[in-house]
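Student: Below, each chain spelled out in residue letters.
6 protein chains.
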Amino acid sequence: MRILVLNPNTSAAMTAEIAAAARSVAHADTEIVCTSPYFGAAAIDSSAESYLSAVGVMDVVARLTRAGDFDFDAVVLAGFGEHGRDALAEMLTVPVFDIAECAAHVAHLIGRRFSVITTLARSIPPIEDRLLLAGLNAHCASVRACGLSTADVDADPAGAVQAIVDEAARAVSADGADVICLGCAGMAGVTAAISAKLGVPAVDGVSAAVALAQAVVGLGLSTSKAGVFAPGPDNPRSHWPLSEALGL
Amino acid sequence: MRILVLNPNTSAAMTAEIAAAARSVAHADTEIVCTSPYFGAAAIDSSAESYLSAVGVMDVVARLTRAGDFDFDAVVLAGFGEHGRDALAEMLTVPVFDIAECAAHVAHLIGRRFSVITTLARSIPPIEDRLLLAGLNAHCASVRACGLSTADVDADPAGAVQAIVDEAARAVSADGADVICLGCAGMAGVTAAISAKLGVPAVDGVSAAVALAQAVVGLGLSTSKAGVFAPGPDNPRSHWPLSEALGL
Amino acid sequence: MRILVLNPNTSAAMTAEIAAAARSVAHADTEIVCTSPYFGAAAIDSSAESYLSAVGVMDVVARLTRAGDFDFDAVVLAGFGEHGRDALAEMLTVPVFDIAECAAHVAHLIGRRFSVITTLARSIPPIEDRLLLAGLNAHCASVRACGLSTADVDADPAGAVQAIVDEAARAVSADGADVICLGCAGMAGVTAAISAKLGVPAVDGVSAAVALAQAVVGLGLSTSKAGVFAPGPDNPRSHWPLSEALGL
Amino acid sequence: MRILVLNPNTSAAMTAEIAAAARSVAHADTEIVCTSPYFGAAAIDSSAESYLSAVGVMDVVARLTRAGDFDFDAVVLAGFGEHGRDALAEMLTVPVFDIAECAAHVAHLIGRRFSVITTLARSIPPIEDRLLLAGLNAHCASVRACGLSTADVDADPAGAVQAIVDEAARAVSADGADVICLGCAGMAGVTAAISAKLGVPAVDGVSAAVALAQAVVGLGLSTSKAGVFAPGPDNPRSHWPLSEALGL
Amino acid sequence: MRILVLNPNTSAAMTAEIAAAARSVAHADTEIVCTSPYFGAAAIDSSAESYLSAVGVMDVVARLTRAGDFDFDAVVLAGFGEHGRDALAEMLTVPVFDIAECAAHVAHLIGRRFSVITTLARSIPPIEDRLLLAGLNAHCASVRACGLSTADVDADPAGAVQAIVDEAARAVSADGADVICLGCAGMAGVTAAISAKLGVPAVDGVSAAVALAQAVVGLGLSTSKAGVFAPGPDNPRSHWPLSEALGL
Amino acid sequence: MRILVLNPNTSAAMTAEIAAAARSVAHADTEIVCTSPYFGAAAIDSSAESYLSAVGVMDVVARLTRAGDFDFDAVVLAGFGEHGRDALAEMLTVPVFDIAECAAHVAHLIGRRFSVITTLARSIPPIEDRLLLAGLNAHCASVRACGLSTADVDADPAGAVQAIVDEAARAVSADGADVICLGCAGMAGVTAAISAKLGVPAVDGVSAAVALAQAVVGLGLSTSKAGVFAPGPDNPRSHWPLSEALGL
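Residue numbers (full-length UniProt numbering), protein chains in the order written: chain A, 1 to 248; chain B, 1 to 248; chain C, 1 to 248; chain D, 1 to 248; chain E, 1 to 248; chain F, 1 to 248.
Worth flagging that the hints you see were computed from the coordinates, not collected in a lab. Incorrect hints may have been included.
As the list claims (entries may be wrong) - From the structure, some residues in chain A lie toward chain F, with a derived Cβ separation under 7 Å: (1) H105; (2) A151; (3) S207; (4) L221.
Claimed, not checked - Partial list, computed: chain C residues near chain B (C-beta under 10 Å): (5) V106; (6) V216; (7) L221; (8) F229; (9) P233.
From the three backbone atoms N, C-alpha and C, an ideal C-beta is built for every residue, glycine too.
Make the full structure from the sequences, and use the hints.
Tutor: Structure follows, in structure tokens:
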């Protein structure tokens, strides 16, 4: 099976980390291809960047499809709380897995109340929105932020791990969480640190999404085309795919 | 006061209709400027087109801001159920008014249960999502579709009015709606037809948004910058504004 | 346009303050008439007083209507969390604006999570009830009380402003509010103090209601008479209007 | 034990019917005193009448209390969906039982989904509001109206019974109700007819309230005065009790 | 009237305490019979024990029924948060009263927000689940645990009373509860201590259930057999009643 | 990996069908062991049977554990809407997968609104309860019954498939479902028939649970023992395991 993992930001370092996380749970016969948009933001810490990233991943998929190069069994959208899953589900016949949703699904399967630990406080509302829209918020004890931006995390990975573990500890003691979801992509070692220090399972969204992708593909199922994910009408569109129009 | 009304699709005809609706409720001293993205889709009937339109309006605002030409007291986003309001609220210090939300606010003020009548059935879920996220769904009796695409509406405006009135009649009789919100932008004469034939008030989103924009600006209030609508961190971004990169 | 603003308590001082707040946002061609019931309570700090005030404002409207003196385009009910809006909407063909609901509507338009700061803790439940019934509670971060009764506020206005600002600060820091609604009527200077000290927008209900009344009247819309706000059957009623029966 | 049953309208016939229903479930040592306001409406079919009735029952209680004649162990408020319960709970130290809430409590105890059958469609929203505020709506399958006004019911009791049974049948078949609550007070024979014809239990609110009053008084419990039902501050009030001021 | 009170655990001491609580509110002509399962756990502090207890009380009822000895007007299931009420309602034609639900019903009747104080933190989720399924969670301020197991309570009753009062004090001050429900069965003196020290009413589930049983039986009502509580199909079952198969 | 699949009823035919469904999605290196309780009901169509089945599967696991024969990486509980998952999660350190929850999880991943088609109408409420408690009901369009009992299904499998397809068709057209979950275990060919005739994906709970079990085990995750699924206190228990006491 071949899974396309889409990092919605343009950071090559992040793409590599996400690919590593994805590969860590891929079956022997699963090939992971990880890529990122032709244009957009190097990190996603705002709603504006999130929309830009959604169009960026749509553009990647459109380019692959038009070129006849889309040869995947599933797609993972590796932005935690970012937009775009529904558009990809519309565009593709293979199933699409959002890492925030997948982390929440796995959390439901192994506990009663999960908390999400994200980077900046400003990322809490979009994650709450995504869980609400996905119908996965009833067992969410809290979405908390460790206070570090994506750039801060890059600059001091060890400090970031500590900050996330500390915030996860508050989620466990104050909010009653018994599972922690890591609310950002591509941080090696954090889930292990949380489990070791707090004694609760920690879920990485990218791994969760790849595992669920393999499960759903294994079931022979894919996105329903009988409802909102049917392809839309063919309205005239200019400069599309944007990356092609940009000469990228 | 000056209000920028953003038609999220690229149809000049629709932009003109939206401008007319906006001007119909503008105060004598309110100037309406209505524009549309440099790129995108001629109509928005899918999630993919909705994201593209969000980036399109962000791009317009970015161009105006960078050029020092952003001289407005408020912005109206004239896509019913489309994405983008939160990104514009982040980017701007003046308040931003989404037409779906504004129609719902006005409906709350004049009735107990409102229904939204949109075009295609595939547009129902995004409108439900927008109302849910905005916290405005508790008094929503239903979101219904008349079954015509944007193109159909353009091709046969009179037939479209009839189809919308018929669907509104079902919302009143079957769902108990006492107010109808028109779930698309830029259709002249529909609200009058609904009120005349069904005896219930009908709310046009563009008019509602302009009226509320004038009210909020009159109150001296604007978007709170103390929460999620604070401007994001300055992450590196490529090819932005996209229209500039495209040479438009 | 003429707007009737109804102070539901019998305090002349409060009526004057409410009138001033209402006039501060009235358009040049809007006339504000502010009045209060013929009988009732000098302040409303209980459910019993709230019901009495509802009948008091119904009585005022009945007197005006019977005398042929009801010549207004809209009515504002200036009791924050008090009863009566639905009865007035039934009795009148012009739209009726409740200040708690209107403050919440404006808060939705400019932020993501609002808190209401009221006087005594005992006023919190009725405000929560009003927001719940109005379908405007999903984005309400909290309803908080500064601990001062209406009488305390009158006795020490400066101290009251400080107490409200302090409680608003807790709403921002502990509850994540990015907008504050002032949960009582007729206090000059509080919204300015909140904005100045806390950096968040503050909404005064009376101003919000007058602004929204102007907006809705400007849209040519009024209360739907197709549902629960249709006039009721003409059941025999004794001693009505009560003020007339009382010889007032 | 002595229970004061308050018919909120001024109809003597209705008061007598309510008293009979109350006495039908009173223990041998329970005395039922049933009375109605000094002023108000002969029937309650609107929000305005409901507020008027709330002040009417408050007035009765105030008169009894001031005269030293309040010598009851519990109060039943016999208006289905009417206002006033919270005010009485504030004013009194004995517990207060609302018939709509009590019917719903009993329905919860004997079934999974209950429907309420009321008179006119315009009475549906206030009943929905009461159940929502009381936190008793989750198991409510529907609130339905048989289409007859209070006057119609008086004019043709047998026809009314049939209309209610027919509407209850629809609640059972279409909404899945397994218990019916009778959404009006004082109709003899309806519950028996529903049970006989539909095979589902039917709950009369007045009987339910008297039974629960006896249960709660038997437990030695009464309204908590530690929260919102504490007596309010002693704000100056004019013409109170109104009936006294009216010379009644 | 005869009421069968079922202690779901096998502790004779607990059965005696429950019987005493039940008898304290029984009418003169009400006979209380209190019993416990033939097999199962001496205390119920886990989901596994709860299921075992459900089958245990089903078994008791099956034995009585088969022997022709089931001669009761109502059944009280005296496990706070335990399973089994729905199965008994299915098996019997007389009404069944769960003590957690009944405590919550009474709390609704006398206050606005109730908290439940249970033993161990691990018992909080099942109580929350029971209230959620029963549709009685909207007015639940909190479910809190005093931290003592059933065994701890037995070993030091006075210390347990103090721990429960302390936790109830936190529910009042931190969660705004104005009524306390005692979340375990058979502890004499606790409700009196809570009321005396905290000034809020305290509800004992066993007493509440017996009082409500008397009320519902007095109304001539019983479990609806028109819905989910109809008896199930007669599927072949082995070793049933289990106690008989076990030779007990 | 080894997965223990527990059929909660005692029907050997059903156990075989469940085993076949489980094996159909097992990886090459996954061993499926499917078993059923030592005692209980041959089919589960009531709440009483559901509790009995929960104790039956607990008993199986207790026997295996005590004998040192519990050597599995995951457990699947193959009763759709039955009790017991939480008890098994408490008792075991390996993760436990409920087929109703797993079907719902998969449905979320591939569509927007799912319906469950079960056997008898009396099974609808327990399935609704399970989804509500699991926090998976927001995207559930409906739970519907085809009207056939387990015995009917066994007697006429082809007719049962048709009845289920017909009911699924109603879920799609009337309720807007775009995914169907099969609300019973062990029916070969139904999902294929639904997909073929209705064009919507159909999810079989047993397959879904095995697929998710493989995914979660592959992620190296298991049930959190930091919350409600921690093992309970060691209260004295009689006749346990029941099957051993019964000499089975």
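Student: Decide, hint by hint, whether the structure agrees.
Tutor: Hint by hint, here is what the structure shows:
For A:H105, the shortest C-beta to C-beta distance to chain F is roughly 5 Å, which falls under 7 Å, so the interface hint holds. Hint status for A:A151: violated, given a least beta-carbon distance of 29 Å to chain F, over 7 Å. At about 6 Å, the closest approach between the beta carbon of A:S207 and any beta carbon in chain F falls short of 7 Å, and the interface hint on this residue holds. Hint status for A:L221: holds, given a least beta-carbon distance of 5 Å to chain F, under 7 Å.
Interface restraint check for C:V106: the shortest CB-CB distance to chain B comes to about 6 Å, inside 10 Å, so the restraint holds. Among the interface hints, the one on C:V216 holds; its C-beta lies about 6 Å from the nearest C-beta in chain B, closer than the 10 Å criterion. Hint on C:L221 holds. Least Cβ distance to chain B is approximately 5 Å, under the 10 Å limit. For C:F229, the shortest C-beta to C-beta distance to chain B is roughly 7 Å, which falls under 10 Å, so the interface hint holds.
Interface restraint check for C:P233: the shortest CB-CB distance to chain B comes to about 18 Å, outside 10 Å, so the restraint is violated.
This entry does not satisfy hints 2 and 9, going by the numbered hints stated previously.
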